[in-house]
Amino acid sequence: MPTERTLKLAAIGTVAGIFSGLFGVGGGTVIVPLLILWFGYGERLATGTSLAAIVIIGTLGAIAQGGIYGNVHVETGLLLSIPAIGGVVLGTAIQQRISQRAVSFIFAALLIAIAIELVIP
Amino acid sequence: MDELLAVLLAAAGGVAGGLVGVGGGVLFVPALSIFLGLTQVEAESTSLLMIVLVALVGAYRQNSYGNLNLRDALTIGILSPLGVLIGVVIANNVSEQVLRTCFAALALFFAYQLLRRAWRSPDQAGQGRREAE
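From first to last, the protein sequence lines are chains S and W.
The numbers in the first sequence follow numbering that gives the first Met the number 0, run straight up by one, and end at 120.
The numbers in the second sequence follow numbering that gives the first Met the number 0, run straight up by one, and end at 132.
Just so you know, these hints were derived from the structure itself, not from any lab.
Quick caveat, the model's predicted, so the values are computed rather than measured.
Possibly wrong hints are sitting among the right ones.
Pairs of lysine to any residue residues, derived as SDA-like cross-links and limited to a Cα-Cα distance of at most 25 Å, are as follows [stated by the list, open to error]: (1) S:7 / W:89; (2) S:7 / S:36; (3) S:7 / W:6; (4) S:7 / W:39; (5) S:7 / S:78.
Next comes chain W alone, as it looks inside the complex:
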């Protein structure tokens, strides 16, 4: 039963990843820790492996739909380790409560901006196509 729930959560994480372009780790970590008994650290590390595979297949599919700018993706990805180091330094010097509140505020700000933009813009439905470049 637990295995089945883990499989369902993993599939749901994959669907979410494909729909909105995130890795799906939000669902993979509980699938691994709650239902398969991994520790939190093991679950987060193993989830990273799954995220890479899922994102790889997702990016491949999106590329075939014409929705991938590889050059921009490479620039973002290659420069991210700098941010990881900064993140570790910040984490060691700022309380977790402050960090959580700041990230929550940022998430809400993004949500507001996306909603405002989507509300105003006329829509083009249909097959995926490269829109901005």
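Excised from the complex, chain S in its bound form:
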């Protein structure tokens, strides 16, 4: 019998998957706020856990797209990943040095920007 906690996590996974399927985003935009607001996660724990979930969601999606449709430009993707990985190491390091509230404020700003981008065609 799954616990209530497992069911809530399943709901987060399902919602993240829905948005991945609909908008092609990794799902972090819904995973992070739901972990904070629903589970009382601190911002840092929420963002770290979200990244790990995105690895799984993205891997499943990439296998489906790369394997079936062959649209992935592997060499370009790998080359451009070098600065992106440098960025994520820097971003996580910065995050440890700012307050958790600041992470929430930045995330809220990101959500508002996404909302505006969605309704303006």
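Let chain S serve as the given structure and place chain W on it in line with the hints.
Quick look at chain W alone, frame taken from chain S:
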């Protein structure tokens, strides 16, 4: 010049990913499509590869800072394909305009809740530590 801008956008996407725990695809897709000439579909697929690598390194770094609950992450990730299927069904039956409006409303609701919570809570600055478990 275009290559340089693509590199800068990719780095910015990585920083954003590390700061707020998203994959960075919002910036990777334009880097690939606008500056490197991939089609939209190719850019989105290739962006997924980058997201996986970036999220993997980001999660590894966060784990070493003590900010990762692997069990919860696995549960969320493994159950997401169910949601992807539901998403595809929804996309085929609901107009894109309605979907966009609904997601925008949800994003604004989350933003409001996060701001309200952050505004009220006293803060603990400093090194990352496992706070909720």
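Each hint tested on the structure:
1. S:7 / W:89: holds (21 Å)
2. S:7 / S:36: Status holds; Cα separation ~12 Å.
3. S:7 / W:6: Status violated; Cα separation ~38 Å.
4. S:7 / W:39: violated (34 Å)
5. S:7 / S:78: Not satisfied, since the Cα-Cα distance of roughly 38 Å exceeds 25 Å.
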